[in-house]
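J.: One letter stands for each residue in the lines below.
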Amino acid sequence: MNFDELIGQFGQHTVNGLSKGAIYALIALGYTLVYGVLRLINFAHSEVFMVGTFAVFGTWTAMGLQNNPPLGTAIIALVVGLIVGAVASGGTALAIERVAYRPLRKKNAPPLVFLITAIGVSLVLVEVFGVLLPKLFGDSGFTMSTLFSRPRQLLGMPTVLEHKNLFTIGDTSVTNVQAIVFVSAMLMMFALDRFINKTRYGRGVRAVAQNPETAALMGVNQERVIMLIFVLGGAMAGAAALLWNMRFGVTQNTIGFVLGLKAFTAAVLGGIGNLRGALVGGLFLGLVEVYGATLFSSQWEDVIAFVVLVVVLMFRPTGLLGESLGRARA
Amino acid sequence: MFAAAGCQDSGGGNTGSTAAAGCGGKIAIFGAFTGDNAGLVIPSLNGAKLAIKQHNAANADCQITLQEFDTQGDAAQATPIASQVAGDPSFLGVIGGHFSGESDATMPVYEAAGLAMVSPSATRTDLTAKGNKSFFRVVGNDGTQAGAVSTYLKSQNAAKVFMIDDGSAYGAGITAELEKNLGTSLAGKDKIQEKQAQFDATISKIKAAQADFVFYGGYTREAAPLVRQMRAAGVQAKFVGPDGLYDPAFPQGAQSGAEGAIITCPCLPAAKAGGTFSADYEKEYKIAPGSYGAEGFDGAMIYIDAFKAGKKSRADILAFVKAYDKQGVSKYIKFAENGDVDPTKVVIWSYQVKGTTFEPLQELKLS
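Going down the list, the protein sequences come from chains A and B.
Position 36 of the first sequence, counting from 1, maps to 36 under this note's numbering, and the rest follow consecutively.
Position in the second sequence (first residue = 1) + 330 = this note's numbering.
Worth flagging that the hints you see were computed from the coordinates, not collected in a lab.
Keep in mind the model is a prediction, meaning the values are calculated, not measured.
All residues carry an ideal CB built from backbone N, CA and C; glycine is no exception.
Treat the hints with care, since some could be wrong.
Listing some non-contacts, in silico: residues in chain B with all C-beta distances to chain A over 10 Å [stated by the list, open to error]: (1) Asn389; (2) Thr395; (3) Lys521; (4) Lys535; (5) Arg558; (6) Asp635; (7) Thr687; (8) Gln692; (9) Glu693.
Here's a subset of chain B near chain A, in silico, CB distances under 7 Å, partners left out [what the hints assert, rightly or not]: (10) Asp520; (11) Lys525; (12) Thr532; (13) Ala538; (14) Gln540; (15) Arg551; (16) Ala579.
Pulled out of the complex, with its shape left as it was, chain A reads as follows:
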């Protein structure tokens, strides 16, 4: 138990935890949107994120990006990366919906079948990126083939933004990258929240979440709503992938597994099906993990995260903010 370290550096740990939690929250949105509308836990969402990291990495490779490029190049790399990442992840999520879930929905398959399908899709994507693509393109000699030159291994990509101290308050320093991660994640979540709560499409989503039959009677196209939430969740995961690549600069075919699990935990913690819950849950989980890892050791990080989840669910079984996407419009 290292209380001195936790208290002495409390501000720093809080900053670290928030920038960690912001990425969890962005990924958690995908789980929560799909669950809110379909009551389906889309375990393949972690691989939607993984595809995003590869797409962004591929874009940067195609651009011939080097370590610490000039600011102009870095901004272009980030903007193009954001677009490509969001499109690739959104597209993957949509493809999963069309190929795997829609046929099941047409047959009214029981929920367990969806769950198993989700896990199956997840494994397929992991192995496609870990083994199949390396086999096909590993030594084809294109610039992009460096992405697949090492089957199942960790890949490093260039540092887009050099980590620099942005400002310091007391002992607490905030780097430019941490600030960008946190602020842009907040902006995207704010925009999504507005979209769901204020627009016509968003009203459709909330209507289907509350009561699919009545929504259909009122003229809401349910299939279109479902496609919309997969694309939105996927695009958020793509944005998270860009932030991840910018902050950590590594990816791998299995990168989504642990992150996906954490993001799912964050969604449940905040109240799955509830957008603001995903935000609260993600930030809370990021903080708990960093504080816990400081108090004990990093080895205990996951244990602490899940113990906290269990304790919270004991007292608030529907999560911190409650479950419903439909009713969450405070």
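Start from chain A and add chain B according to the hints.
T.: What follows is chain B alone, placed relative to chain A:
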């Protein structure tokens, strides 16, 4: 290949652990040929393949088959493979495991089947302290390596060393060995988990300890992001790691973060390996042999010599390996009673990361 297949056919009718009539036979090699840490193991696989290829080309009447089994470095995947190999009487010997965890998990299976194991790279000290009768390694152990690391740190006047390990059989083992030698220069320590990707908490601890050296016991998968995030967070402490990081994926994954990192390895720089090994390897694979290429070659050579000497059963081959006494390309190979290679023949080198390559620095004297 055809000759090898013919060999097997003629042996198929035999019972027990005898295989092909005449010279030749089949051996297995297992290790992480794909996965997080494959870069560390591939050179050894290539070295072994090279030895077998050279032998088969020169001896048409004595063909040896080498069958690969990919474990991804995971003990849980290595165990069913061990049962499969042990249960197939046509296998007469095993090269592997390449990691300590998978070796530890499979040693009892191979021992029960009377199959010799020759490991090119499993270094955890206590693997040879368990009284296993069929495990041999052509590489120094982590006790020796930790001694060399501590000699290195002393030579650099390291005053504050921060130690991190990944809790694995190998990483925790070598870190514990090093801790025994460090004394007062140990400034702090932390344990991380395998597959972890974010290290903020660990980095804060390093900063708080004001460490001038960071030692990381573990593999590339976690070390690359760790060192990268350390540098991004402004930690200037020198990064030191053991042979688990002697893997091209380490500088690649860490990008510029790994620049100047020191890696120790009980493996020889390619240019120092004996005979024409280094040149042959480069010709075959268009790349210099990395970690344990020479050790993999030696592992295969032991079996090749056994077949040449007319050994045809698992028991005979095990006895042959035990009594092996010959100059290899990596070092002089002669096993002690417990299966360790003669400690006086072990050499440990330090390497420094430059760009994406490992440059040999110096041979580390054992403490």
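J.: Please go over all the hints and tell whether each is borne out by the structure.
T.: Structure-based check of all given hints:
no.	hint	verdict
1	Asn389	holds (31 Å)
2	Thr395	holds (24 Å)
3	Lys521	violated (4 Å)
4	Lys535	violated (7 Å)
5	Arg558	violated (6 Å)
6	Asp635	holds (33 Å)
7	Thr687	holds (15 Å)
8	Gln692	holds (27 Å)
9	Glu693	holds (30 Å)
10	Asp520	holds (5 Å)
11	Lys525	holds (6 Å)
12	Thr532	holds (5 Å)
13	Ala538	holds (6 Å)
14	Gln540	violated (13 Å)
15	Arg551	holds (5 Å)
16	Ala579	holds (5 Å)
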